[in-house]
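Spelled out, the chains give:
2 protein chains.
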Amino acid sequence: MRLARHLLALSLFAALPALANDATGLDAGDLAVAAGLRDQAMQGSEAWDIVESLTTEVGPRMAGTPADAAAVQWAKAKFESLGFDRVWLEPVTFPVWLRGHERAEVVAPYPQPLVITALGGSVGTDGRLEAEVVEFADLAALQAAPAGSLEGKIAFISNRMVRFKDGRGYGPAVGARSRGAVEAAKKGAVAVVIRSISTNSDRFAHTGTMRYDEGVPRIPAAAMSNPDADLLVNMIRRGKPVTLGLDIAAEHPGEYTSHNVIGEIRGRDLPGEVVTIGGHLDSWDLGTGAIDDGAGVAITMAAGAAIGRLERAPRRTVRVIAYANEEQGLYGGKVYAENRATAGEIAAHQLSAESDFGAGRVYALRAGVDPAAWPVIEKIGEVLAPLGVVTEREGGSPGPDVGPIVARGATWAQLAQDGTDYFDYHHTANDTLDKIDPKALDQQVAAYATLAWLAAETDVDFGTLPPRQP
Amino acid sequence: MRLARHLLALSLFAALPALANDATGLDAGDLAVAAGLRDQAMQGSEAWDIVESLTTEVGPRMAGTPADAAAVQWAKAKFESLGFDRVWLEPVTFPVWLRGHERAEVVAPYPQPLVITALGGSVGTDGRLEAEVVEFADLAALQAAPAGSLEGKIAFISNRMVRFKDGRGYGPAVGARSRGAVEAAKKGAVAVVIRSISTNSDRFAHTGTMRYDEGVPRIPAAAMSNPDADLLVNMIRRGKPVTLGLDIAAEHPGEYTSHNVIGEIRGRDLPGEVVTIGGHLDSWDLGTGAIDDGAGVAITMAAGAAIGRLERAPRRTVRVIAYANEEQGLYGGKVYAENRATAGEIAAHQLSAESDFGAGRVYALRAGVDPAAWPVIEKIGEVLAPLGVVTEREGGSPGPDVGPIVARGATWAQLAQDGTDYFDYHHTANDTLDKIDPKALDQQVAAYATLAWLAAETDVDFGTLPPRQP
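Chains A and B, in that order, are what the protein sequence lines are. Residues 1 to 470 in UniProt numbering are what the first sequence spells out, letter by letter. Residues 1 to 470 in UniProt numbering are what the second sequence spells out, letter by letter.
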């Protein structure tokens, strides 16, 4: 197979341009346009200015807040000023969660303040709560605790996330955040505190969603910074009971309707066939949402705009989507997928990709497409190679907001980014513009523009995938 | 001169041990003991456990707070458990400043919260204050503003501290913090906000002292994090008026008496002659004071304790001083100097050193001594050389708490530390235990034990210096 592809590749560049078109739907001119898009982005893209504008003029834009509405207006205006052919808003409705004050301290035996933040969706403490803390090495240890053993206590899950380039330390660690409250409440706990799902040692607490289960008491849930978790561990190992005070306010004021903001470059031949790229427009409230996910919005807006400025539009439509409320439940991605399914447009979605892993450089191209379309992916990979991007046939996954449409059968591509430092800043007050390297941003624009343009220019069908549980 | 010293050094190691004693007061046995102290510390010292204990069991210990009293009791007990011959408290009285709440946000044209902290000594805003902000590139630019030109405005000083190994970026930058309120008030400003005196880009505001002048209105003063200052600069350059909201509470509840905590190893021959090492026991309230200056206290306590465990005490007394309230005006160092002057003990202070520049490795030995005693410093430097420490005849300065006794004529030594990252953490919530490298701490214990032991073992008089303005 490898040899066969190799021979095919040789033939493409040598004597058989017609065959090239058969396998990839792309000719030398198309590849030259892609290389031009790529190289121009590397010379300097608009992405930095876009993310600077978003973080400066809107800043934190948590779903359901006034800043969410400001972000939607910002995105609409930005798409228009960037010259997209069509810009529209797609309503997305969800329940709102609002953070109030949050304070924590060690009451005894060594009184001192702690840096914490409520997890997204948590209830408040309904006044100040004071209780002894019981440490668990991880979620499994908490699950193994005897029923009722935490009556009146605060559960503390102290496991530490491990750093990897691809962020694979997140999965094993994040259960403490998403499931901690339910598991602690089952044992009788009055609250749960976790070590932040984080890879660094700065004193920022990392927020993120948690959930409650029907029939299990809803207890407050908060994360503390890594240094605070270290401190608590060091206190606990001295052997005296450690009492914490927690005072957390939070509100669930009802539903809100925000919007996916969509800009498209209309395809010249096959406008009904759509390649989508995008990021999510909402952020958590603590930082300015620069790397999560102002960067993704900026990269894909800039990539789309670069395609829009070409002399000739690609065959298919390129759609850039700034998704609503990813952080609190992928609401924008789900609504986008539902609406496309209702309209019978899943198969028309030729390839979907999302940038939502910070602002580090792209190092791999992966995809989930019909095997017959793989030569197109390989060809895109060849154009991406000078950016330091390798094409990987195995593994990968669509971005979070692309997940719902992929679950309905749509195909996807992933431009995997170096996320080595992503979980240093993710979901903290420290997610700010200065964490972005403008040159890395340009590299990503180059990668997204190349991917989107070639996927939209080819007429090879990327097929569909077997629908699955989202 | 260099050649002469070189020949002398050769002679010391070769044929003339009697001459060695004449020039340095140290023989081969003394140097062997020093090397043993040094090498044992490098194998692992007690400093980590000491600073872990202080930061865990006491934590933040701002002067005049209940944690200040807890720190004094902690230090006394720690000196005693480390086997110091004599441990005592020296009262130090000072005015107290207490931080209350502090909130800031951009009100218009781009509403979003800002991370700020009140500067030490600042008055509060007396409710919420809202005013337009005017940017100045540095303190000099503010000073050059026309009288009355800031009537009803908030002055913003945006200069950025530069990173150097020896921290020399601090001096040019810190005037904005110490003098900003006075200069802004002279022009009519209602408050001053500054870019934190900081070398990194994490979203921590750095506190630190500021002062008021008689006859100039006392206006609130706060620092914002570097990312927040960037944000404000980016907003201002868009050209629309930028309005800030500030709500800062602070109290000046009166005087408090804390204590210098002193432990000493009594000299075997010359107990009235004293070599002092130390750090300051107080910290700011935001972090746990690990690098500023738990490290200094721990390093010098561990060094003193190592000397105390030797079979034979040095000729002179070694005194380890945990100074009170360095942060808000060098109160502990001033009282220590005054009391020694009153007792006629300045000349008996043979050499004084302080560790108060974080937890980075020592790279240079410098001193201010009678030129006749310089061969002793050179000899100490030879024992320190394997630690990567060079001896520098020029430059250097005593630590902040040593300054007052040096101003009265006492001699000093400096073990200059690598402070490359010191101003990343200094005076922030992020000054926590995890920022300390235990191996670097051991190296510093090795250096301080070597210095203190050799300075206390020699009978060469370090002399006195011309008294000067403190």
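None of these hints come from the bench; they were simulated from the model. Any given hint could be a false lead.
When chains are identical, the list treats them as one kind, so a pair holds in a single copy or across two.
Listed below are the simulated DSSO-like cross-link pairs for lysine-lysine, each with C-alpha atoms no more than 30 Å apart in a straight line [unchecked claim]:
| id | residue 1 | residue 2 |
| --- | --- | --- |
| 1 | Lys186 | Lys76 |
| 2 | Lys76 | Lys240 |
| 3 | Lys153 | Lys76 |
| 4 | Lys165 | Lys186 |
| 5 | Lys165 | Lys439 |
(request) Hints the structure violates: just list their numbers, smallest first. (result) 1, 3 and 4
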